[in-house]
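S.K.: Could you build all of it, start to finish, from the sequences and the hints given here?
Quick note on my numbering: the sequence shown kicks off at 1283 and runs consecutively.
Don't take each hint at face value.
[Stated by the list, open to error] Dumping the calculated BS3-like pairs for lysine-lysine here, alpha-carbon to alpha-carbon at most 27 Å: (1) K1399 to K1551; (2) K1358 to K1389; (3) K1591 to K1624; (4) K1624 to K1665; (5) K1351 to K1437; (6) K1345 to K1399; (7) K1504 to K1551; (8) K1617 to K1665; (9) K1437 to K1504; (10) K1617 to K1719; (11) K1345 to K1719; (12) K1399 to K1720; (13) K1406 to K1665; (14) K1591 to K1720; (15) K1358 to K1406; (16) K1472 to K1399.
Everything labelled a hint here was simulated from the structure, so no lab data went into it. Since we're looking at a predicted model, the values are computed, not measured.
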Amino acid sequence: MRETLLLLLILLSSPLFVYAQEYKVDADIRPRYEYRRGFGQPRPVDDNIDMADNFISQRTRLKFYYKDKEELIEVKFAFQDVRTWGATPTLNNTDNGNLHLYEGWAKFAFGETTALKIGRQELKYDDDRILGNVDWAQQGLVHDAAIFMYDGLFKLHAGGTYQSDRENLFRQPYALSPNYKTLQFLWLNKSFENFKLSLLFLNNGLEQIDTDDPDFTADDLKIRYSQTMGGRAVFSIAVLDVALNGYYQTGQDGSNRDINAYNVMLEVKGKIQGLVDLTLGAELLSGNDDDTAADENEAFNPFYGTNHKFNGFMDYFYVGGRHQGSVGLQDYYAKLGFNIGKNWRVNADYHFFSSMGRQVLNLVGDLSDRSLGQELDLTASFKLYDHVKFDGGFSFLFPQDGIIDLRDLSTGTARDRDKINQWGWVRVIINPTIFSKKGEQN
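M.R.: Rendered as structure tokens:
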């Protein structure tokens, strides 16, 4: 990997790049300190294990971008190292970081409006609800895929991928399950003067071994397909922006259950006297109920979206597998944001959570409570100058009976309803352009 980076740096200084229309090298370094006491899960009853954790993680990313002078070919490589401070001893000849290729793709045009983009790349569409790059996570989210692109009277992307963990001589189970085995999507977007509309179709295939026999054969490897279809509409009405999301899921999940699930979101954004941004919204994600049949799954799955962006920053829902396949979610929220001068931004977000369904907790038949809790997220950012920004925040989650019921059951650890859950973080983002060149050489 280090030899590859050195080769790219040599190429940047070679005559090849004299004939480029554009090339540049960017760095992205973002250390982040976190204080966790009730992040992702309610604090336990047992004070002996109810201890806060503090750590610093860091992403170091180096990005290379090239476009030829005819603007027919684009190429991007991005390498990154993701680590926790202290994971590697200060005097050591081994490295516990994770230096790897984050992106590596090429895009070439067929004409003025069509192109093919192929390789390791981010899939980021609309508000990132179904497909996003998960930029909050230090490692990010990328896919090995090919995408046909049309950008004319409207925008259309048709993409797909097929996954294998190695070059096998014959069919073998996909070792990285529950990653998808195969995926296809179609995205259509059209912008009007005061209206934007996007439609999305996603076909997600999960490979499963369809037998309990350890001596399974290739015939026992089955791919279960689910389909997500829907879209997003954004209306601009005077000083208001109104957004509406709607998605429906069907097909089969990895356990061969029939899926019947949905997600809807309504959000209104506006400004108060041109100074304060106000957002009011509600999102519903369907879930399983106590009377859901054993061969059915009514829990909506947001799949590969930037889930940290939604339903509170403390990641209680749909991040890291938490709340996945559960009782669904109702999220009613209000957000305030305002700028202080040119460099400061302050935000306060409030969420009220409840479940869509209820879960059976024991053999007696007791059901989980629908109330889940309330969350308050306070954040601030300061732009020192163009390529250096500080941001941070502090969040509180006030649990109610429902989240305690569910997490007691799923984790096997008794959780405390009366303890306030807290999470704080501070980050610096340093992203300079190291090399840059545009325009033809004479």
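S.K.: All hints are to be evaluated individually against the structure, with a verdict given for each.
M.R.: Against the structure, the hints come out as follows:
no.: 1; hint: K1399 to K1551; in the structure: violated, 34 Å
no.: 2; hint: K1358 to K1389; in the structure: holds, 9 Å
no.: 3; hint: K1591 to K1624; in the structure: holds, 24 Å
no.: 4; hint: K1624 to K1665; in the structure: holds, 8 Å
no.: 5; hint: K1351 to K1437; in the structure: holds, 24 Å
no.: 6; hint: K1345 to K1399; in the structure: holds, 17 Å
no.: 7; hint: K1504 to K1551; in the structure: violated, 45 Å
no.: 8; hint: K1617 to K1665; in the structure: holds, 21 Å
no.: 9; hint: K1437 to K1504; in the structure: violated, 34 Å
no.: 10; hint: K1617 to K1719; in the structure: violated, 40 Å
no.: 11; hint: K1345 to K1719; in the structure: holds, 14 Å
no.: 12; hint: K1399 to K1720; in the structure: holds, 22 Å
no.: 13; hint: K1406 to K1665; in the structure: holds, 25 Å
no.: 14; hint: K1591 to K1720; in the structure: violated, 34 Å
no.: 15; hint: K1358 to K1406; in the structure: holds, 16 Å
no.: 16; hint: K1472 to K1399; in the structure: holds, 20 Å
Of the hints listed earlier, those the structure fails to meet are numbers 1, 7, 9, 10 and 14, in rising order.
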